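Here is what each chain is made of, one letter per residue.
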Amino acid sequence: MIRSFLITLARQLWRNRLYTFLNILGLSVCISVSWIIFRMVDYEYSFDKKIPGADRIYQVISKSEDSDGSTGGFSGVSRPVVNVLKNEIPGAELTVPMFYKYHHHASADRNEQIRRYVNGEEVDRQLVSTLPDYFRMFPHTFLSGDIKNALDAPDKVVLTDKAAKEYFPSLSPAEIIGKTITYDDSVVRRVSAVVAAYDFPNSFSEDNNEFIPLGKEELADGFWGGMSSHDLVFIKPAPGAEVSKIMDQVNKANLEHNRETYEKYKYKSWYEVISLAEKHFEPQYQAQTRTADKKVLGGLTITAVFLLLLACINYINLSTAQLPQRAREIGIRKTLGSSRGGMILRFIAETMVVTSVSVLISFGFTAIGVRMFADFLPPGLLDYMNYAGFIAFMLGLILVVSVISGVYPAWLAAKVNTVNVLKGVTEKVVGRDRFSLRKGLIVFQFLIAQVFIIGSIIIHEQLRYAMDKNPGFNKERMITVDVPYHITSNPVYKDKILVLKNELSRQTSLEGVAVGSRPMDNTMWGNVLTYYKDTLESQSMIHMKIADTDYLDLYEFKLLAGRNFMPSDTMNEIVINEKAVEAYGLGSPEEALGKILVSTGTKSKAYPIVGVVADFHQFGVKSAISPTLITTKRIAGSTLNIRLPEQVNQWNSAIKAVEKEWQKVYAGVPFKYTFYDDTIKKFYEEEQRTQKLVTAATSIAILISCLGLFGLATLTAFNRTKEIGVRKVLGASVFNITRLLSTEFLSLVLVSVLIASPIAWWMMNKWLQDFVFRIDIEWWMFVIAALAAALIALLTVSYQAIRAAIANPVKALRSE
Amino acid sequence: MLDLKGIYKWVNTGGNRVYLLKDVDLTVNRGEFISIMGPSGSGKSTLLNVIGMLDDFNEGEYTFLNEPVHTLKEKQRSALYRQYIGFVFQAYHLIDELTVYENIETPLLYQDIKGSERKALVADMLDRFNIVGKKDLFPAQLSGGQQQLVGIARALIAKPRLLLADEPTGNLNSKQGEEIMELFGRLNQEGMTIIQVTHSEKNAAYGSRTIELLDGRIENK
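Chains as they are written, first to last, in our numbering: chain A, 1 to 816; chain V, 1 to 221.
What the hints contain is simulated information worked out from the structure, not anything from laboratory work. Any given hint might turn out to be false.
To be clear about the criterion: a stretch of chain A counts as covered by chain V if any three or more of its residues have a C-beta under 8 Å from a C-beta of chain V, and this derived list gives those stretches [as the list claims (entries may be wrong)]:
(1) 713-726
(2) 729-739
(3) 751-761
Here are the simulated lysine-lysine pairs, DSS-like style, with alpha carbons at most 25 Å apart [stated by the list, open to error]:
(4) Lys73(V) x Lys811(A)
(5) Lys660(A) x Lys622(A)
(6) Lys633(A) x Lys656(A)
(7) Lys162(A) x Lys49(A)
(8) Lys135(V) x Lys114(V)
(9) Lys501(A) x Lys692(A)
(10) Lys86(A) x Lys134(V)
(11) Lys63(A) x Lys334(A)
(12) Lys75(V) x Lys722(A)
(13) Lys245(A) x Lys86(A)
(14) Lys722(A) x Lys134(V)
(15) Lys595(A) x Lys579(A)
(16) Lys175(V) x Lys811(A)
(17) Lys50(A) x Lys295(A)
(18) Lys135(V) x Lys175(V)
(19) Lys811(A) x Lys134(V)
(20) Lys294(A) x Lys692(A)
(21) Lys294(A) x Lys682(A)
(22) Lys22(V) x Lys722(A)
(23) Lys266(A) x Lys252(A)
(24) Lys672(A) x Lys501(A)
What you are looking at is a predicted structure, and each value in this text was computed from that prediction instead of being measured. Beta carbons are placed, not taken as given, at the ideal position from N, Cα and C, and that holds for glycine.
The shape of chain A in the complex, shown without the other chains (with noise of 0.2 Å):
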């Protein structure tokens, strides 16, 4: 019977192998996407889930108010709440702070400078001074040395096989034991375990891969008035304690020491906590391991029910079109005493293998996937492999897409009118109501390609805007070059920065150089200045940006009123934008021209105002322009700004220039130059990713789309060739014919664009309410996408179109 089943059922595909195609095409495309989409979310899930206790781990953050009501979260604590967690009241279990420490360079025995880098980009070594419970709380386990006397003396340090095999090599874990590594020249810590990182996702093992103990001094640090982003405790309550009552102890500790400044400055903070099973989510209360956006993932996983729906769809419409073909075998089967319900099985079971081959397929299409979008995928998702999870995932997916998918063309299989067929009526074995239904399917599928349309065509122009945009000073040309922190804070290379700038100033190969920090990029440094007028007094948040006297002119800044600032040692004059202009009440640019804005409370600097130019962005399209000062001293922070010349041919032979250059000020150190165009596009890396990854939701809601309509245009081909051929022994040309069948196909695309223009307006109105500079949706886009959406349906209808038309029609008419 199975062998029967199959055997047929394989020739079956094979005599439709365009329908079996198009099904297994688009199938194992969604199916590929939603594999990955499941992969993605099911690792974000299961971050720290593998840690033993899991549940029973909270990291305490806090959270501050201000007098105006805002409220903000943090991940870092006040040294002292270390204290009164583990000494001073009862309920917790375990309280492990981690508090980080770090050196630029480090090296081992071998004598050899071990830095690290992430990205390319070097980086800090980062070392966790924490107690030995980090490994109560945290169970690992200990390749050599043991928990006891990991961390009982303040020169010793902990490595993970991970920081173990960057150190040495070479050496087995109990090699390392007493085997010193050197810090930043100075530091002198030995090896005391090594133990084994793991191998599950987790939030832990970016960070803390050297263990340091924590110093008695830190632990009796009484310092409640500040905290740091580089100390985080987290807290095991013992069985039974809960987890509030312990933060409202440690709540009322803070209160007694934090109250006189609460009131004295109107805002108060508080402690909270998190549980490890929220961390991942959390960027907010991260250290430096990547976090997870919840929305993104919700988000993706709608993609993928969305696209695995047309896959379905596409599913229903190859095969019910299919039916009058098959009508006759179905009717015959019938006779031959198969029931209504072995006819639904069968159908059902067909789907089902369909499926699986798709499933076996989609591998193919994974990989390639998975290839094409590696920069959208978490790093660690392709170590992490979970077995049962996929498993399950896979069986779960064919069945549910063979239940959706082979119960509609079953139920009208098993109502296929057995008189009918055997009379050779085939025309009405499928009658016409069902026609509907398809075409119903249909607009679906091109309502959703078409939101998709015009959601890429408007992020597209948003980018395009936040891009081209003039921001307020001249970046073509600019190059950017960064003093890298370990050099600027090195005595060595003091003012260097001046040597080289003078050097590069004589380059007559460069239009300009300046020193100064970028007008526009993703840093921020400012304070609050008050302006005093009378009795009145005007307070505001203003950025600060710091350059030398040729910044102005190398930017093109325009001035409004004044001039530029006087060459000073320390900060004085100011150039403000008309931003701060109207923060401050200063009236007109002229009126703005010699009044003085002075540190707020203390009044110890006084900035008088020389100059104002026009607004320009510091922060791209995404946020408003705010107000800015622009002001010198000697060393005017540590970034070259270059303007190449004018030619583009000439810009190697310049960027060799200031290498070289570099070379002789900075011996050995990696020159590394930005453009500016570059510098910009990082404000948008977000935007670009939902770019590519709408243009391949895009690619693929057409291609099902396209799949479907295919479908039902040969289906109508076929049902309706007794008309056509009618027409044609009527007179009607190839053109009338095809012009016939494409318009009403053309009608659907035209339904679908009607109801999903005002969907996908919505939609991007959303989210292009993230952008305080945007453009405005215009009707010509949703023009274009109708426009794109037509020609592609045309062109996917008119080979069924064009083909029933120049059929002979004496073959249609032939009665018997």
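On the provided structure of chain A, position chain V as indicated by the hints.
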């Protein structure tokens, strides 16, 4: 009116050449009413399709109203039959989705005739066949005889010179069939040239001449 000379039509099946029409010579004069008879598979319908230019032939010459059909391009040929030939089928071949009125109107749509003129022509035709009351019905709502009436009306709407009918009464009962044949007789008397394919001697008797076809060959002349 039309002249067939040495018409051959064949198909090749697995190395064998099967002749559908063999050396057919036929001249039809204006005003004739010809019945083509012969057993199943003798090539009656094929011959009718060749005359109606729906089907090609492999050898021979076909002159229709002094136009050499065998040398014409597809487009000219379809322009020719669109203008001069009307078809009536055994299975009526009405378009199910269109009403009686729209079915009759269809040929005019393909000849770029203006709306008002179309209206007048269709109204005339409905009147003439006494089916004004049925003009808004769909084919499925009509009896077989009525459907065939609509089919004939549709064939005549564009004022053809030649009416080709492939077993026009094949799907009808004898009374309906008789009515249709009487209609054909009247049309012929009004000057219409008619060629019909039929199985029935009785129907053939309405014609002015009968052609016997056997295995693609004309047996009598």
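Evaluated hints:
1. Counting residues of the stretch 713-726 of chain A whose CB lies closer than 8 Å to any CB of chain V gives 4, so the stated coverage by that chain holds, three being the minimum.
2. With a cut-off of 8 Å between beta carbons, the stretch 729-739 of chain A has 6 residues touching chain V; three or more are needed, and the interface restraint holds.
3. For the stretch 751-761 of chain A, the stated coverage by chain V is violated: 0 residues have a C-beta nearer than 8 Å to a C-beta of that chain, whereas at least 3 were required.
4. Restraint check for lysine 73(V) and lysine 811(A): satisfied, since their Cα atoms lie roughly 21 Å apart, inside the 25 Å limit.
5. For the hint linking lysine 660(A) to lysine 622(A), the alpha-carbon distance of about 38 Å lies beyond 25 Å, and the restraint is violated.
6. Annotation: proposed proximity of lysine 633(A) to lysine 656(A) is violated, straight-line Cα distance about 29 Å (limit 25 Å).
7. Of the supplied pair hints, the one linking lysine 162(A) and lysine 49(A) holds, its CA atoms being roughly 21 Å apart against a limit of 25 Å.
8. Restraint check for lysine 135(V) and lysine 114(V): satisfied, since their Cα atoms lie roughly 20 Å apart, inside the 25 Å limit.
9. Using a Cα cut-off of 25 Å, the hinted pair lysine 501(A) and lysine 692(A) is violated, with the two alpha carbons roughly 40 Å apart.
10. With a C-alpha separation of about 97 Å, the suggested pairing of lysine 86(A) with lysine 134(V) is violated against the 25 Å cut-off.
11. The straight-line distance between the Cα atoms of lysine 63(A) and lysine 334(A) is roughly 72 Å, outside the 25 Å bound, and the hint therefore fails.
12. A C-alpha spacing of about 21 Å is found between lysine 75(V) and lysine 722(A), which places the hinted pair at or below 25 Å, so the restraint holds.
13. Between lysine 245(A) and lysine 86(A), the direct Cα distance comes to roughly 15 Å. Compliance with the 25 Å bound is thereby established for this hinted pair.
14. A hinted pair counts as satisfied when its Cα atoms are at most 25 Å apart, and lysine 722(A) with lysine 134(V) qualifies at roughly 23 Å.
15. Only pairs whose Cα atoms come within 25 Å are accepted, and lysine 595(A) paired with lysine 579(A) is accepted, the gap being roughly 15 Å.
16. Pair hint lysine 175(V) plus lysine 811(A) does not hold up; C-alpha atoms about 30 Å apart against a cutoff of 25 Å.
17. Straight-line distance between C-alpha atoms of lysine 50(A) and lysine 295(A) comes to about 23 Å, which keeps the hinted pair within the 25 Å bound.
18. Proposed proximity of lysine 135(V) and lysine 175(V) is supported: the alpha carbons are some 23 Å apart, at most 25 Å.
19. A C-alpha spacing of about 30 Å is found between lysine 811(A) and lysine 134(V), which places the hinted pair above 25 Å, so the restraint is violated.
20. Among the hinted pairs, lysine 294(A) with lysine 692(A) is consistent with the structure: their alpha-carbon atoms are about 19 Å apart, no more than 25 Å.
21. A distance of roughly 23 Å separates the Cα atoms of lysine 294(A) and lysine 682(A); the hinted pair therefore holds under the 25 Å criterion.
22. A C-alpha spacing of about 29 Å is found between lysine 22(V) and lysine 722(A), which places the hinted pair above 25 Å, so the restraint is violated.
23. Using a Cα cut-off of 25 Å, the hinted pair lysine 266(A) and lysine 252(A) holds, with the two alpha carbons roughly 18 Å apart.
24. This hinted pair checks out: lysine 672(A) and lysine 501(A) have alpha carbons roughly 16 Å apart, not beyond 25 Å.
Comparing the model with each earlier hint shows violations of hints 3, 5, 6, 9, 10, 11, 16, 19, 22; every other hint is respected.
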